[in-house]
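Enquirer: Once you've looked at the hints, dock chain B against the given chain A.
Protein chains: 2
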Amino acid sequence: MKKTWANSGLDLHLDLPASRVRAGLEAALRDAVRDGRLHPGARLPPSRALAADLGIARNSVAEAYGQLVAEGWLTARTGSGTWVAPYRPRPRQAPVLAPAESAVPRYDLRAGVPDLGAFPRRAWLAAARAALDAAPDHLLGYPDPRGLPPLRTALASYLARARGVSVTADRIVVCSGFAHGLALICQVLGARGGTAVALEQYGSQAHRRVVRAHGLRCLALPVDGDGAVPRALGRAAAAVLTPAHQFPLGVTLAPRRRRDFIEWATASGGLVIEDDYDGEFRYDRQPIGAMQALAPDHVVYAGTASKSLASGLRLGWLAVPAPLLDEVVTAKEAAGAQASVLDQLTMARLLASGGYDRQIRHARLAYRRRRDRLAAAVLRHAPGVEVTGIAAGLHAVLRLPAGQNEAGLVAGAAARGLAVEGLAGYRTGGASHGPALVIGYGRPAGHAFTAALARLGAALAQAAAGPAAGPPR
Amino acid sequence: MKKTWANSGLDLHLDLPASRVRAGLEAALRDAVRDGRLHPGARLPPSRALAADLGIARNSVAEAYGQLVAEGWLTARTGSGTWVAPYRPRPRQAPVLAPAESAVPRYDLRAGVPDLGAFPRRAWLAAARAALDAAPDHLLGYPDPRGLPPLRTALASYLARARGVSVTADRIVVCSGFAHGLALICQVLGARGGTAVALEQYGSQAHRRVVRAHGLRCLALPVDGDGAVPRALGRAAAAVLTPAHQFPLGVTLAPRRRRDFIEWATASGGLVIEDDYDGEFRYDRQPIGAMQALAPDHVVYAGTASKSLASGLRLGWLAVPAPLLDEVVTAKEAAGAQASVLDQLTMARLLASGGYDRQIRHARLAYRRRRDRLAAAVLRHAPGVEVTGIAAGLHAVLRLPAGQNEAGLVAGAAARGLAVEGLAGYRTGGASHGPALVIGYGRPAGHAFTAALARLGAALAQAAAGPAAGPPR
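Residue numbers (our numbering), protein chains in the order written: chain A, 1 to 473; chain B, 1 to 473.
Hints listed in this document are in silico derivations from the structure and should not be mistaken for laboratory results.
Take the hints with a grain of salt, since some may be wrong.
Reference excerpt, derived from the structure (chain A facing chain B, CB under 8 Å, subset only) [as the list claims (entries may be wrong)]:
1) Arg-30
2) Val-69
3) Thr-75
4) Ala-128
5) His-138
6) Gly-177
7) Gln-205
8) Arg-208
9) Val-210
10) Ala-213
11) Gln-286
12) Ile-288
13) Leu-315
Even for Gly, the Cβ is constructed at its ideal location relative to N, Cα and C.
With the rest of the complex left out, here is chain A (with noise of 0.2 Å):
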């Protein structure tokens, strides 16, 4: 019912609903100050003249006034009357919206996140109902800023099994995926006066601003067959390695390349920060050891379940050498992000069960199968194309042939709705590797990965016919 506040000398429009009067009284006083209807100072009718005018009870505009006199918006003196308190009239919003879904594009080959087709749903909320189940109330509460005992213990037992990481759980540190970490460590790298930190020259642009963001200087170390080049490293206070399958080239850490940081490291009180982003990943062979275990004391290992099961996840562990223990923890609180308990409480059991092995081997087939099937699609569709980086991961390096435009190709594939990435767009500094692109195989739906790789095919089979050929149907 639509009803003329038409005692009050002001034209106001009340829209009272029929039930919850006093609750609607309320809401539409406080939206006719807002939308400056009701002026700062202006006078209210009195609860009974406005009742009487409004055809409801007495009392519940009585309420309403003082509901509102509370929430400092009106002001009154007993016996003199209701006032609009001083306020600055805004216009007024628009009402709740959405807001808009940034575009996913129709095929999509870009490295970073997994099938997420693949994440065991049934499995994981199994996990959680019966964790939740066992789950003691107290578990329930603030969280030990290092993470659930039960996961922490779990994880150590994990970490050591599957990618030999020396730990034991009280140096685990849960944290909300790799660039959490990293933030964590920069924090206290910072606080102990460190400058610069060496990255990989080819690498995650994300992780180069988080460690901008906390004030230091990003090194960049070269990239050759061998991985990450040990050089101008001399200032950094940490070194970022992707040992396993280097990001995005997918090299392998060679054995002297691992043991010359562990040098530098030991030797100049740096710290090496081993991204072990996919490491269960490898196919040619059992997965190669973190580097961690050379040197417990000198290496943070950092893992995720963002490739193994979902990056929405945000579930991220740390191995933190025992110096360093008590600055990331307090670096942690300080920050004042936690993962869940209980998705810390469903991957403790998810780990414990060995619903997590069965998980990574069955992906590990999965990727492994389509790896094999976008090396047979660039054989036959381009194959001046070397395919690289393929040998462990999620992702592979396309390597143009010499002349080849990068950023053409990118386009050319975007025109047939497939997203791809040049290899460029992950460089800090001068080029030291030529055209290429950064294929995430992993990331397409189990349905889209054939029209995908079809896609792809014509897009490079276009470029090799060269730029006279014409533009993509």
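Expert: Just chain B, lined up with the frame of chain A:
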């Protein structure tokens, strides 16, 4: 089976399991290097010889050597043998241990945690299942740093309806509890050149630590019967307030004070950070709306699921003024932490289905009953103690008669197996309130509440009887 490595010239015992021989050999060799039993530079026997000695296939030995070379433990040159790589031996670590859990007191009436037994496990799991069933795969990828759109939409609508917050979904930023939200704002304030933040003189020490960890000074706002006093705000970049129910004193911020803080903020460019930690729980009347709506461009509203569901969820939300939004999102990306998309989707579903409101209503009723029982127990056992701050929230302040010893009472309760806290622990600077206990009546499990109250009553009665009374039995 226990095997002796007889022909190596080293006193080396390798425990090899009967199955998975190669992996066992690798682990044994890693251990031997780690322990220092195999010294850097020591030459390993040829694979053929070791295989014969151990009675295993030569291939297994060769593969194990290859693996350890790749991991950096050994070095090899074709045709000239295998050596232990340079390595600093370090003491063998203890096997994986479960860290000790912090002691859980038998009865606990400390504030800050709700009844974790009331967490709606079944409803949460059902919502999680429904949310996962409905979620398209891409929602399981890296989330929008502001939080998932479905959750932000549901929160904007809930906050407008239940808390009178003036916000649209695009200005909601999902975070991991209040401390995380506060850390993000402090990050922004520091980057803008802010030097100090005003916090209520009685409040959470953890929040003060978060402020200081971001290089900002803490100013103390006095708290009287009308809530925080807008004094000594001069250089503050922000004021952190608990308007609905001051923590821990329990008063509601008076209307005049609300306007004073808003005036300060608009005049000085300062920010009000509204910590609405238990705004849903008001017993004598409908909840008092958030002060954010008075000036949405000058107030950051912060809410969490820590009191309404479970602290361990680590799920919170900010309604951010438009001019601050980009900086907050940038700070969040740099800090790398995000809430799990599974929890975000579940929470969105719980909000949209009405399940969250249902939980709030149940909890409000239950807490109100507890509050009444607490007040009655205190009146019965210690009529000289005044129960205050109980119009809302999950805790009360028991003001002790002048001369009573707060710390002694806390110790007396502890001797009875009951954890309680004195007001002093929440204070910074000189005392402006007399001795008091802060009692979190929401915390104990339902079945333990009666016993906890009885212990509290006994401790209060003993304290009232004076220091002459003997120690607790």
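Enquirer: With reference to the structure, classify each hint as holding or not holding.
Expert: Tested hints:
no.	hint	result
1	Arg-30	7 Å, holds
2	Val-69	6 Å, holds
3	Thr-75	7 Å, holds
4	Ala-128	6 Å, holds
5	His-138	6 Å, holds
6	Gly-177	7 Å, holds
7	Gln-205	12 Å, violated
8	Arg-208	11 Å, violated
9	Val-210	6 Å, holds
10	Ala-213	3 Å, holds
11	Gln-286	7 Å, holds
12	Ile-288	5 Å, holds
13	Leu-315	7 Å, holds
Against the hints set out earlier in the document, violations occur for numbers 7, 8.
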